[in-house]
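Q: Sequence:
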Amino acid sequence: MAKILDVAQFIYDELGWVDAWRLEKLTYYADSWFAAWYGEPLFNENFEAWVDGPVAPVLYHANKGRDSRMSRNLPQGDGSALLPREEAAIASVLDFYGNWSRERLIEQTHKEEPWLEAREGLGKHARSSRVISKETTMRFYARCEAKGNKVPRRPFDGRPNWSTEDVRATFEANTARWAEAIALLADR
Numbered sequence: 001m002a003k004i005l006d007v008a009q010f011i012y013d014e015l016g017w018v019d020a021w022r023l024e025k026l027t028y029y030a031d032s033w034f035a036a037w038y039g040e041p042l043f044n045e046n047f048e049a050w051v052d053g054p055v056a057p058v059l060y061h062a063n064k065g066r067d068s069r070m071s072r073n074l075p076q077g078d079g080s081a082l083l084p085r086e087e088a089a090i091a092s093v094l095d096f097y098g099n100w101s102r103e104r105l106i107e108q109t110h111k112e113e114p115w116l117e118a119r120e121g122l123g124k125h126a127r128s129s130r131v132i133s134k135e136t137t138m139r140f141y142a143r144c145e146a147k148g149n150k151v152p153r154r155p156f157d158g159r160p161n162w163s164t165e166d167v168r169a170t171f172e173a174n175t176a177r178w179a180e181a182i183a184l185l186a187d188r
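Here this note's numbering is used: the first residue of the sequence shown is 1, the next is one more, and so on.
Just so you know, these hints were derived from the structure itself, not from any lab. Check each hint, because a few of them may be wrong.
Label-pair ranges, simulated between beta-carbon atoms [claimed, not checked]:
#1 125 - 76: 48 to 54 Å
#2 17 - 147: 45 to 51 Å
#3 120 - 72: 33 to 39 Å
The calculated DSBU-like cross-link candidates involving lysine-lysine, where the alpha carbons are at most 30 Å apart (straight line), are [as the list claims (entries may be wrong)]:
#4 111 - 64
#5 134 - 124
#6 124 - 111
#7 3 - 111
#8 124 - 64
#9 64 - 147
#10 150 - 111
#11 111 - 147
#12 134 - 147
#13 64 - 134
#14 134 - 3
#15 150 - 124
#16 134 - 111
#17 3 - 150
#18 134 - 150
Cβ coordinates follow ideal geometry from the N, Cα and C atoms, glycine included.
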């Protein structure tokens, strides 16, 4: 499993310097979409529902107060430590969200169920350290993809994403659907 600082460093390596708000949101989306696609989080660290959207305290503290405001190197972050599947998922997220402004990223997260659920009952500007549920996040983004919404493209890792039961059910449904045509062809 990846570490959040390695993911953030990979984002810096791919995009160059991005401000702290964008780095937090892009890292959040990388974790969220990875979970939606693969059924497990990209990393263990949690995001909290801060006023400006999801923030991971571990990343916030590692990125805050570094020597140079424009530095693209995170202490303890190693973008090359990621597995190819992790890199592909993050790259897909960056292809989709990478050019978004911090304002657009914040606005988008504020519309989405995981952040809204964690902020429930709080005022617009209330501080919060409530954790955004990884389970809610995984289900929400998987539903977005299933509904056909405009979302990052699921990376192809060379392996089918279907379970044996899914393949069997699809085969049986198609066999039943085409039974009459198959019977006609068999007679010829």
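Q: Next, verify each hint and record whether it holds.
A: Now the hints, each set against the structure:
1. 125 - 76: 48 to 54 Å: violated, 32 Å
2. 17 - 147: 45 to 51 Å: violated, 35 Å
3. 120 - 72: 33 to 39 Å: holds, 36 Å
4. 111 - 64: Measuring from Cα to Cα gives roughly 26 Å; hence the hint holds.
5. 134 - 124: With a Cα-Cα distance of about 22 Å, the restraint between residue 134 and residue 124 holds, given a limit of 30 Å.
6. 124 - 111: holds, 13 Å
7. 3 - 111: holds, 27 Å
8. 124 - 64: holds, 24 Å
9. 64 - 147: violated, 38 Å
10. 150 - 111: holds, 15 Å
11. 111 - 147: holds, 17 Å
12. 134 - 147: Holds. Residue 134 to residue 147 sits at ~20 Å (cutoff 30 Å).
13. 64 - 134: holds, 24 Å
14. 134 - 3: Holds. Residue 134 to residue 3 sits at ~15 Å (cutoff 30 Å).
15. 150 - 124: Between residue 150 and residue 124 the Cα gap is close to 27 Å, so the pair holds against 30 Å.
16. 134 - 111: Given that 30 Å is the threshold and the Cα spacing comes to 17 Å, the pair holds.
17. 3 - 150: Roughly 28 Å separates the two Cα atoms, so the pair holds.
18. 134 - 150: Judged against 30 Å, a Cα distance of about 21 Å means the pair holds.
Of the numbered hints listed earlier, those contradicted by the structure are 1, 2 and 9.
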